[in-house]
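Participant: All chains, full assembly: derive it from the sequences and hints.
Under UniProt numbering, read the sequence shown as residues 1 to 513, first letter to last.
Simulated from the structure, these hints should not be mistaken for lab results. Positions of the beta carbon are idealized from the N, C-alpha and C atoms, including for glycine. It cannot be assumed that every hint is accurate.
Stated by the list, open to error - Dumping the calculated BS3-like pairs for lysine-lysine here, alpha-carbon to alpha-carbon at most 30 Å:
1) K257 - K23
2) K378 - K508
3) K448 - K474
4) K453 - K478
5) K416 - K498
6) K416 - K508
7) K381 - K498
8) K453 - K474
9) K498 - K508
10) K416 - K448
11) K453 - K508
12) K277 - K257
13) K257 - K17
14) K503 - K474
15) K503 - K478
16) K508 - K478
17) K416 - K453
18) K503 - K257
19) K381 - K508
20) K416 - K381
As the list claims (entries may be wrong) - The calculated label-pair distances, taken between Cβ atoms and stated as ranges, are:
21) S467 - P342: 46 to 52 Å
22) T411 - D208: 38 to 44 Å
23) W484 - E60: 51 to 57 Å
24) Q180 - K282: 44 to 50 Å
25) V349 - E452: 20 to 26 Å
26) G129 - E207: 44 to 50 Å
27) I420 - P281: 43 to 49 Å
28) P342 - D154: 44 to 50 Å
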Amino acid sequence: MTNNENAALYFVDRHLKEGRGDKVAFREAAGQNRELTYAELAQRSSQMAGALARADVRPEERVACIVLDQVEYPEIFWGALKAGVVPVALNTLLATSVYEFILRDSRATCLFVSHELLDVVMPAALACGDLRQIVVIGGDAPDGTMSYGSFMQDADPAPVRDVGADECAFWLYSSGSTGQPKGVRHVHGALRATSDTYGAQVLGIREDDIVFSAAKIFFAYGLGNAMTFPMSVGATTILFNGRPTPDVVVDILAQEKPTVYCGVPTLYAATIAHLNKTGVPKAAIRMCISAGEALPEEIGNSWHALWGVDILDGVGSTEMLHIFLSNRPGDVVYGTSGTAVPGYDLRCVNEEGEDVAPGEIGELLVRGESAADGYWNKRDKSRNTFEGEWTRTGDKYEITPEGRYVYCGRTDDMFKVSGIWLSPFEVEQALSAHPGVLEAAVVPRRDKDDLEKPMAYVVLQDGADQSSVLAELKEFVKQRVGLWKYPRWIEVVQDLPKTATGKIQRFKLRETV
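Facilitator: Written out as structure tokens, the structure reads:
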């Protein structure tokens, strides 16, 4: 090949040639006090490539990463790409049985794991015969494993492997909002496709930005926020290896002064409730974005009232790597997902594959250069999801006469009431607009006539009077979204089942109805 299109050259090594070697690429928050400059990342990732080769981890083999958001993560990820090895970024909040399933499914030959996760991960790792090497980051390395320091020690930097833009670079596993996770294969060119489109043309990422993503790197959304976008311009990312609770997020916004904050709707809602009690600290945020699930209108308006900054609500997927449909600066309409990100084409189609008219509901299809290469070992699922240039999102949308897209729910979540399609999300937004409700989920339940009607599960705001809220909610929803859409049953719960990325797992609620 005459033109090496390894993504690590653009996102890492290019910055040395352009004079940003001394610029901090990653800084750990909350008292960790560790930093990684672009020059150090270039050197350490090349050394990682050499260490992988020394350990006989071969090109195209998979390396599983069950790693917290810490400075070792970009070293491993970009080092693997330099070596032509395929890093598999895995959720750090899974159960042992799920790790065993994924490690077996991916046939990873090497595993990097943060010491804090060993108790959950090791039983799964020891059950997987394909694993030849387990590398532990931080703390003591148990018998049969190697410490990260020892793995890297004295390894010679390796040259960047010559690859094409269409070669597999890394895997993600789908978040499992509808069941068992699936391996999603992404190519080298997809990373730059997202930074050239959403990162540059919607987010407007700048070299002087400091980015904090509450969404973790293992999540496609977090990978773009914390690595792809800031590294495309030489900006700085704040890493936090713990759980992003509202108090922690607010402290990081106040102390680390990020200019770009990337959250998810559930966390925005909880943070608003926290700020209403504690007040808003001084911060430097100029831009906030949201994805993972559609942002309720009430949350967007409340956040803007507190900070004076809009949340750019967008839609992405593991299969498309990042956001392809979004609101944008100066063009925010809460309650909608905005319009197509430059570089992407969208369609809404009915069950016959025909485009629906404005005001009708259809499944959203997207076309763009960041689309995945398919699912691992799931041929039927790949053929059903990736239809030529178009990717089926599994989301139901309505297009307004103005050309904006309004989220209606997952294809599997939609159901008919009185013969009319009902969007659970629309009812959930109405419920969440009540001052006594923190969040809500709606699923179908059959009445005495065996007809489906909405049932709601709600989490109340701290201090809310349950009996008063329940007495008001049904009428409240009727007035906001329509007489026939109100939930016939309402159950108060302490929390809702979610994926680690904040998506409500409605299929689990359906199982309890």
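Participant: For each hint, tell me whether it holds in the structure or not.
Facilitator: Results for each hint:
Of the pairs offered as hints, the one joining K257 and K23 holds, with about 17 Å between alpha carbons and a cut-off of 30 Å not exceeded. Taking the CA atoms of K378 and K508, the gap is about 23 Å. The hint holds against a cut of 30 Å. This hinted pair checks out: K448 and K474 have alpha carbons roughly 19 Å apart, not beyond 30 Å. The suggested pairing of K453 with K478 holds, with an alpha-carbon distance near 14 Å, which does not exceed 30 Å.
Using a Cα cut-off of 30 Å, the hinted pair K416 and K498 holds, with the two alpha carbons roughly 24 Å apart. Note on K416 and K508: the hinted pairing holds, with a Cα-Cα distance of about 19 Å set against a maximum of 30 Å. Restraint check for K381 and K498: satisfied, since their Cα atoms lie roughly 23 Å apart, inside the 30 Å limit. For a cut-off of 30 Å, the pair hint linking K453 to K474 stands: about 13 Å separates their Cα positions.
At most 30 Å may separate the alpha-carbon atoms for a hinted pair to count; K498 and K508 meet this at roughly 9 Å. Simply put, K416 and K448 have alpha-carbon atoms about 16 Å apart, close enough for the 30 Å limit, and the pair holds. For a cut-off of 30 Å, the pair hint linking K453 to K508 stands: about 17 Å separates their Cα positions. Using a Cα cut-off of 30 Å, the hinted pair K277 and K257 holds, with the two alpha carbons roughly 21 Å apart.
Distance restraint check for K257 and K17: the Cα-Cα separation of roughly 28 Å lies within the 30 Å cut-off, and the hinted pair is therefore satisfied. At roughly 24 Å between alpha-carbon atoms, K503 and K474 fall within 30 Å of each other, so this suggested pair holds. The straight-line distance between the Cα atoms of K503 and K478 is roughly 26 Å, inside the 30 Å bound, and the hint therefore holds. The straight-line distance between the Cα atoms of K508 and K478 is roughly 26 Å, inside the 30 Å bound, and the hint therefore holds.
Under the criterion of a C-alpha separation no larger than 30 Å, the hint pairing K416 with K453 is consistent with the structure, at around 8 Å. For the hint pairing K503 with K257, the CA-to-CA distance comes to about 27 Å; that is within 30 Å, so the pair holds. Straight-line distance between C-alpha atoms of K381 and K508 comes to about 21 Å, which keeps the hinted pair within the 30 Å bound. In summary, the hint linking K416 to K381 is supported, as the alpha carbons are separated by about 26 Å, within the 30 Å threshold.
Checked against the hint of 46 to 52 Å, the C-beta distance between S467 and P342 comes to roughly 50 Å, which is consistent with it. Taking the beta carbon of each, T411 and D208 are about 42 Å apart, inside 38 to 44 Å as hinted. Restraint check, W484 to E60: a C-beta distance of roughly 54 Å satisfies the suggested window 51 to 57 Å. Range check, Q180 to K282: about 45 Å between beta-carbon atoms, so the 44 to 50 Å window is met.
Evaluation of the 20 to 26 Å hint for V349 and E452 yields a pass: the beta carbon distance comes to about 24 Å. At roughly 46 Å, the beta carbons of G129 and E207 sit within the given window of 44 to 50 Å. Checked against the hint of 43 to 49 Å, the C-beta distance between I420 and P281 comes to roughly 46 Å, which is consistent with it. In this structure the hint that P342 and D154 lie 44 to 50 Å apart at CB holds, the actual value being about 47 Å.
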